[in-house]
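With the sequences and hints as input, model every part of the structure.
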Amino acid sequence: MKSNKRGHSKTSAAVTLSVILVLTIIVGILGVSGLSLPPKGLYKLLGWLPTTDASQWPESLPLGLDLRGGMYVEYSAAAEEGAEADFDSLMNGTMTIITQRLADKGYTEANVQKIGTDGIRVEIPDVQDDTVLDLIGAAAEMRFVAADGTEMSGSKIKTATYYYADGDHQIAFTLTEEGRQEFATMTANNIGSTITIYLDDEILIAPTVQSAITEGNGVINGLGTAERASTIAAQIQSGALPLVLTQQKVDKVSATLGQDAVSTAVRAAIIGILLVMLFLILRYRLNGLVASWALSIYVIILFWLIAMLHIQLTLPGLAGVVLGIGMAVDANVIIFERFNEEIRNGKSLKNAVRAGFKHAMSAILDGNITTLIAAIVLLIFGTGSIQGFARTLLLGVVVSMFSAVIITRVLMNSLVGIGIKRISLFTKVNKAKEVEA
Amino acid sequence: MKIKNRSKICLIISAAIMVIALVLSLCGQGINMGIDFEGGLSMEYDMKAAADKNEISKVLDGMNVGTYTVTMQGAEANEAVIRIKDVAQDDIQNIQATFEEGVKAVYADAESIGDVNYVGPVAGATLVQNAIWSVVIAAVLMLIYIAIRFDLNSGISAVFGLVHDVFMMLSFMVILRNVIQMNSSFIAAALTIVGYSINNTIVIFDRIRENAKKLSNVSREEVTNISIKESLGRTIGTTITTLITIVALCILGVASIREFALPIIVGILSGVYSANMINGYVWAFLEEKRLARKVKA
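Residue numbers (our numbering), protein chains in the order written: chain A, 479 to 915; chain B, 843 to 1139.
Treat the hints with care, as some may be off.
[Said to hold, decoys possible] Computed far set for chain B versus chain A, every beta-carbon distance over 10 Å:
1. Glu921
2. Lys1055
3. Ile1107
[As the list claims (entries may be wrong)] Cross-link-like lysine-lysine pairs, in silico, DSSO-like; alpha carbons within 30 Å at most:
4. Lys1056(B) x Lys825(A)
5. Lys927(B) x Lys592(A)
6. Lys1055(B) x Lys825(A)
7. Lys1056(B) x Lys836(A)
8. Lys836(A) x Lys1071(B)
9. Lys1071(B) x Lys828(A)
10. Lys828(A) x Lys850(B)
11. Lys850(B) x Lys1136(B)
12. Lys1071(B) x Lys825(A)
13. Lys828(A) x Lys1131(B)
14. Lys1055(B) x Lys1071(B)
15. Lys1055(B) x Lys836(A)
16. Lys850(B) x Lys1131(B)
17. Lys1071(B) x Lys1131(B)
18. Lys906(A) x Lys1056(B)
19. Lys906(A) x Lys1071(B)
These are computed hints drawn from the structure, not numbers from a lab. A virtual CB, placed ideally from N, CA and C, is assigned to each residue, including glycine.
Here it is in structure tokens:
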């Protein structure tokens, strides 16, 4: 009965190992090549593991500007003098307009981000042309077009300000002397119909004329939210962006530099990981093999998560990945050193695995949690590239804990479970002691 | 006793390195600030032929651009990196065009390669401020976490080690000023080390925590000695594996990767050094004091 049970657990350990091995290989191949099942287009899975050939880079791993090539600009924004509207809503309005303008010109992948309280960062991939910058900051052409076809230029507006009255968000505007007469005729002829205000052929707003505006000042009401009202007011006032932008930083990265950086970094990482595996196997023998295996699974899972969460890979982001790999290896090293100690203390392989994990866990948890604290702080307080680093590090640490606590444990237990008895396959042993064991 | 003296010597060595860096900085030989921090305009040109730095300087002199530097690189010194300080945003395109015209008069095939960068004076300052605050906040939170999981003195000595490592990295940025420039990637590197070095310290403190319970009648210093010795296998294993990957990146990577990898290597070495030679003994020193106070009370 007893031997039967042992035989059974031996089989189940062998099955576990084989299943994990087959899964690792299949998922690894899928990660590199992706999968599309015939009939074509019915099901498509994109590969997600990095390659050294930048032209074959998987679509599912979007590259950041520093790796892909393109340009980014950072602006600091300031409200126009005398503006009373809430700064934050003007910021949001400005960013929406920039995104819209770029999208209109075909830069649909451009990314507009807020930095701190008054900074705006615009990233445009694959472009290195300064004229794009003019597009962002350009003063737009504004026109007032009435239902009967008459037109007035936006330059005849003197001021436009947001205010709140009678439970409604409104814009009060005044006209220049020339504009006063023109607008009076226009409104008088169009009572009950709309006057559409265009900004660069884009409809800004189309209010209905309620009465003729002859005194050179009027009100647009019913704008819904404070943000919308103050943004439109600022746009009517300036004919352009609601805030004044000052260029702080321009960076153009050529695509070749980016491709070089990617392929060399990936090549270096692969060489590095292979050397690490070699070292682990030489030093920890079968356990090193387990660690290398767990490390491969770690890399597959980590990049799968990066692809799933659409995290842009940047140079600092790759650094976060490298640090994450370091943490994963460290966790395994801590476990194996403890395991070796337990063996030296005369424990059996099975007990050494159990005790090794038990004693290693507090160090692994505390080490990973403190690193996690750093990553979270950086994610919250950092900007741009620092956040990219924090994001991959955060993922890396979480996956590394999973890999150390679960994958390595299952692999080690199964390996011991299939009945390997020779301690020297795991660690250096004192000859006399092995005989005893 | 022997090892404690060694920790004192280590503190003196670290202090000496930092003082040398400080003195160099005060003598105007400080950190080689890159464009991310200093602001200005940087461009890169390939002359397509062996080029003379003086010829390029002449072009720039003729343009009245103020302070600039020209660095030659490439196989036949055919590439020039030009950095100009104090450039107004509106002049960027003008300067680029004038320079290109001037340089083409000397080297007909010259063309712009690589990055063109412009950084305003405010952007750099914001970056540094932001990074310093992030590190301070992270350090305080780590101190709190370690104080809860271990004890207050462990938290203090771990953060002490962290500050030590960051200052060592800065010192080496001064000492290696001819090899490496400080750009925003340095901040990412420093942050990596903040995470890595605390991990090293924690693994040793974890041993100390375990041994301190078992060996209550042994001096704290001896507990530290034993714990460091017992963790040595892990220290060697982890340090070598981490260094393998980073050194591979440093050797094979392009310049922007090296700017990141080299400070990390310095930080890793400093982290191992402080975790094994300094932090534990700072803890032992603080604990002995606390215990002595307790006995007196």
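How the hints compare with the structure:
1. Every beta carbon of chain A lies more than 10 Å from that of glutamate 921(B), the smallest distance being close to 12 Å; the non-interface claim holds.
2. The claim that lysine 1055(B) is not at the interface with chain A holds, since no C-beta of that chain comes within 10 Å of its own (minimum 12 Å).
3. Under the 10 Å C-beta cut-off, the non-interface status given to isoleucine 1107(B) relative to chain A holds; the minimum distance is some 12 Å.
4. The straight-line distance between the Cα atoms of lysine 1056(B) and lysine 825(A) is roughly 20 Å, inside the 30 Å bound, and the hint therefore holds.
5. Between lysine 927(B) and lysine 592(A) the alpha-carbon distance is near 27 Å, which keeps this suggested pair within the 30 Å criterion.
6. Taking the CA atoms of lysine 1055(B) and lysine 825(A), the gap is near 22 Å; set against the 30 Å cutoff, the hint holds.
7. Taking the CA atoms of lysine 1056(B) and lysine 836(A), the gap is about 17 Å. The hint holds against a cut of 30 Å.
8. As the CA atoms of lysine 836(A) and lysine 1071(B) are separated by approximately 20 Å, the hinted pair is consistent with the 30 Å bound.
9. Under the criterion of a C-alpha separation no larger than 30 Å, the hint pairing lysine 1071(B) with lysine 828(A) is consistent with the structure, at around 26 Å.
10. For a cut-off of 30 Å, the pair hint linking lysine 828(A) to lysine 850(B) is broken: about 43 Å separates their Cα positions.
11. Restraint check: the Cα-Cα separation between lysine 850(B) and lysine 1136(B) comes to about 25 Å, which is no more than 30 Å; the hinted pair holds.
12. Only pairs whose Cα atoms come within 30 Å are accepted, and lysine 1071(B) paired with lysine 825(A) is accepted, the gap being roughly 21 Å.
13. Under the criterion of a C-alpha separation no larger than 30 Å, the hint pairing lysine 828(A) with lysine 1131(B) is inconsistent with the structure, at around 43 Å.
14. Of the supplied pair hints, the one linking lysine 1055(B) and lysine 1071(B) holds, its CA atoms being roughly 17 Å apart against a limit of 30 Å.
15. For the hint pairing lysine 1055(B) with lysine 836(A), the CA-to-CA distance comes to about 17 Å; that is within 30 Å, so the pair holds.
16. Annotation: proposed proximity of lysine 850(B) to lysine 1131(B) holds, straight-line Cα distance about 17 Å (limit 30 Å).
17. Distance check on the hinted pair: lysine 1071(B) and lysine 1131(B) sit about 24 Å apart at the alpha-carbon level, within 30 Å; holds.
18. The straight-line distance between the Cα atoms of lysine 906(A) and lysine 1056(B) is roughly 27 Å, inside the 30 Å bound, and the hint therefore holds.
19. Only pairs whose Cα atoms come within 30 Å are accepted, and lysine 906(A) paired with lysine 1071(B) is accepted, the gap being roughly 18 Å.
Hints 10, 13 from the list above are not met by this structure, while the remaining hints are.
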